[in-house]
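Participant: Chains as they are written, first to last, in our numbering: chain V, 1 to 251; chain A, 1 to 421.
I should point out that these hints are in silico values taken from the structure, not numbers from a laboratory.
Straight-line C-alpha distance at most 30 Å; calculated BS3-like pairs for lysine-lysine:
#1 A:K169 / A:K54
#2 V:K92 / A:K233
#3 A:K235 / V:K60
#4 V:K16 / A:K233
#5 A:K235 / V:K16
#6 V:K75 / A:K233
#7 A:K233 / V:K60
#8 V:K85 / V:K3
#9 V:K16 / A:K298
#10 A:K298 / V:K92
Computed footprint of chain A on chain V, listed as stretches where at least three residues anywhere in the stretch have a Cβ under 8 Å from a Cβ of chain A:
#11 52-61
#12 87-100
#13 103-110
#14 153-164
What follows is a list of derived Cβ distance ranges for each label pair:
#15 V:L73 / A:N243: 35 to 43 Å
#16 A:W420 / V:Y13: 24 to 32 Å
#17 A:L402 / V:D139: 41 to 49 Å
#18 A:E241 / V:D191: 44 to 52 Å
This structure is a prediction, so every number in the text was calculated from the model and none was measured.
We treat Cβ as the ideally placed atom computed from N, Cα and C, and that holds for glycine.
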Amino acid sequence: MKKINAKNVNVSYGSKQALFDINIDIEQNEVTALIGPSGCGKSTFLRCLNRMNDVIDICKVTGEIFINDFNILDKKCDVVRLREKIGMVFQKPNPFPKTIYENIAYGPTIHGMTQSKEEMDEVVELSLKKAALWNEVKDRLHEVGTGLSGGQQQRLCIARAISVSPEVILMDEPCSALDPIATAQIEELIDELKNEHTIIIVTHSMAQAARVSQNTGFFHLGNLIEFGSTDKIFKNPENQKTQDYITGRFG
Amino acid sequence: MNRKEIFLKKRYNSEKRFKLYGKLAISFALIFLCIFLYKIFSTGFSAFQKTLIKVDVTYNSELLFLDENPSLDDIKNADYYDLALETMANLDLNADEDQQNELKRMVSYIFDTEIKNHLLKNPDLLGKTSSVLLTASDDLDQIFKGNYPRDIPEDLRRVSDYQLTVYDKLIKDEKIISKFNFSFFTRADSREAELAGIASAVVGSFFTILVCLFISFPVAVLAAIYLEEFAPKNKITDFIEVNINNLAAVPSIVFGLLGLGILLAVFHLPRSTSLVGGITLSLMTLPTIIIAARASLKAVPPSIREAALAMGASRMQTTMHHTVPLSMPGTLSGTIIGLAQALGETAPLILIGMVAFINTIPMSPMDPSASLPVQVYLWAESAERGFVEKVSACIMVLLGFLILMNLLAQIVRHKFETKWS
Ligand SMILES: Nc1ncnc2c1ncn2[C@@H]1O[C@H](COP(=O)(O)OP(=O)(O)OP(=O)(O)O)[C@@H](O)[C@H]1O
Ligand SMILES: [Mg+2]
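Chain A extracted, bound-state conformation (with noise of 0.2 Å):
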């Protein structure tokens, strides 16, 4: 062989190794997102599964101090926890009071409510008996599930032998049902994780974003179109784009810091809020939207102002008539995924209060509120076993809105973009 054939040999087997390295690194991103994904989604699934008890309610109106006929008002405002409590005691007839206790706490605290709301379903139930459906305790649920070993010794358990004995019964009785969890999502937060739904993180998440989307999207067009088409090229707008490119690279506990410096000691904004939350976002928000802005202002050929221009438009025409809409699908792409980066932030909003117990849902900015990538730190603090499933399904969500949005942000790219030869 010549020198010229080993040199050739040398080349190919050069440019076989870099393919060899670029799918190897390739495959190692996708073990560990596969590893990653199987996780959440082993874990998360059985959140969305639900753990119901089956038992029969005699709408007994004596223990409920209902008179003949009563309204429905009366029906509304009567009280039911004596009721409800009957209704557990008599899963166990020869249950003694310490039995009876614990047949309680095999479901949920809202038990009596679930009862009152089956009643208000259907008035003429009174005085019959009807088989309701209630919340299982997250403890039996998380057994139920699987998640919770029932083989350990009694006081290592959350689960007392007693209540698994009445839980064995019920098995064997098709008492126990497993339905689609729709209460997480349309629960607020709640102590106990049998309740606790994403409700109240979803709508302050949505309010978060709305809010950062209104402040950040027209400051940062305007001062991305006044940077790139009027500004003079000099020192000073130099400076202010080496500022902004730094301003994206500022950590985001920094803009927390802001937000709780500013916004909450100065103008007093209330505590917890999404109003607050959201300004904090979009002080992170702005230089992405800028930067995208400015690079799709920046895509439009020269020759596109040219032409405006030299048929008598003045330079405001010529941005508002023709750049300007021509740049707009990279502008709102680029928005949506800064959008998609604020809805994933966790530290800022904890600085501003977002981290607090809110067992309401929010129905303005203005009121306190929970986020979803808050929810899941807050959950995955608790020590409960129950929440352990929570935080996975919540980052399900929270990975589907993001999914949603970055999928969005291509499809606006692709299909609204001016394709230039």
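Excised from the complex, chain V in its bound form (with noise of 0.2 Å):
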């Protein structure tokens, strides 16, 4: 089933434009992987989907994009109950300079999810096991989120985006950070967190798009240049440019 469908999008900077004519596809339940060259409009893509582009001034964006039928670039979409909707975890870990426990709880207190502390003691637990956390922190969710190491503060920027049982997570490069460990920790969980939720992946690691995603699509210079099923574009690509950038001819 289609959760997610880009038409013709364009996107420019001031008079530069950065995406052109994006057509996307994006399946609920399953992990789609947008790779591509550095500058070629990965992340400007990714945050159209939330529309985090609106923060930068210079940003225009045209198009639509339906998500469950409903087009966010819209003026009539709220983005306030958007964004609760479609989670995203940034490439540096940014959990807020608070606890653990308030880092969490930010998201359904300002939405207004919970009625009393038991049930969010309970939203906070459950996200943080979620993000298969729970059992690391779960003696100090009164610490400060930014004393943890690297790859637990991107698993606990994880928990704070489902805690608001987003539909969709956007992740932009989320394992660039992190040393092998903590990144293979983050895949599996990946795959666990498709179940629930439409996963979106920017990655620059090939071996992470064959090995989290389900669908891969390829940037080039601001176009989209192959979309298609993971398996497809890795081993039998059609255009000649995806197969020169999987091969590391370029890029």
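Two chains, two frames, some hints: make the complex.
Facilitator: Dropping the structure here:
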């Protein structure tokens, strides 16, 4: 089933166009990887999906992006509601400089999701368990989140993102600041999370894309060159550029 | 030696020379600071000592026109002047009228009050004799402290030969003593140097800074938040930004003229009050706080804002829940530094009339009051010898407050600021 459907999405920063006519369909409860050389517009596209580009004054987005058949680029779309549904994990772990508990409780609090302290405790515990962090931090929920290791911080950010039960989770190079062990933990986690969430992940690692995703899109200079099942893209790409990129001949 | 080695040697030499220049510059600054501090401390130190003359007072009820068993109120309302005169005359029983007058001038003019307060503390002394400490006149005080030469012709001195002989006899009898000068901190300004204190100036400065804080802090923080977090970046905000920086560079006397022309002339606010002083100074502090607040808002990493926004927080929530609390330590330390600057500011206060002679301690910002820097100016203007040490002492107190405030700013910054890796 299609979760997200982008039609003719064009993005420009001032006079510089960053994305050209992107059309893409993203399947529900699958992991979609976006790959491509640096500066090709992967992050830009990802940030269209939760309207994070709104923050950048010079950024103009045109076209249509349907999520659950609702055009989120429409003026009527409420970004607060949208971002409650579409969570995001960033390249560099960015926990709030508050306690672990407060980090997770922030989303449910501002969206008024819980009625009582007990309910909130439950949400925090569940989120941390889903992010495979519970066992490591259950005794120090009230210590600052920024005191954790890099990999733990990133899992804390994932826990924070899933605390509001988003339908889609966007991940922008979530492992690029982590060591191989932490990376493996996060990849395992992504595999788990796809049962309940739709995941879109930007990555620079071909191996990671191949390991975690079911579908892959290859971007180059602001164009979506090829999009299809990960198997096909890696084993039998149609486009020469895709072939060159995944075999490491450029990028 | 080949060229490369020569070149290397040159580089090392220039580095050494540069370090030397740096050290020279620092020592130069330090020497000046030391000379300055030495001068202030050596002259100001004696102001914290007060010279007192021990006299025997016989509380004669007849001289006080009191009946057999007077009530405390009677004792309070009695006239002590005659008793006080008599007490001073008793220092030299052979003194003629002129000399008695000179004896009287060896103590401060509040000698009768001092004698009265002593009795009020122990009312059963009535009819008995007790020794009382009277504040010495400023001239005698200066002689005792050695600030005043006595080996010059009599007509060049403010202390007569007769007074000196009495003084020497008192010294021999150990009747002249020196004590910590509490009244310097508890009394308001006075025309008499031996009685002048900084209480009105300290309280006045406190009210002024308080008014300044209450006006400039909220305005500046709101302005900074709006400019940094909400305002679109366009020509108008650029223009505002440039003008805030200009405002910070405007000489303080201009703000004084503004206070004079608008607060006093148009709004008719009470002259010489901390209220007007505080409002005037807040105009000066405003840009300092805005700049500090904006800098610390800028120092909050964008990733924190993105994290909050991506969680579905509105812009307002992002700002109020995350950015502003994280910027507070920097903003506060900037505020304290701004207030410290305002505390030392003199020119604008002189223009709005805080230079008036005020011999009462203000009870509210609406009362006429002095302020520390202006008090320094007033005393420095004064011709009397006794005020010289007061000037330095007042500067010491002012410097003490400034150092305290700057220290506080440092502590706030280093203790509470979040460190970003
Ligand atoms: N805030 C911005 N202002 C102006 N131009 C931007 C901005 N963000 C991105 N761009 C431009 O848009 C283009 C796409 O950038 P984007 O960040 O999407 O690339 P990317 O594929 O994520 O690269 P990387 O793999 O290095 O993260 C780049 O040419 C970049 O210079
Ligand atoms: Mg990117």
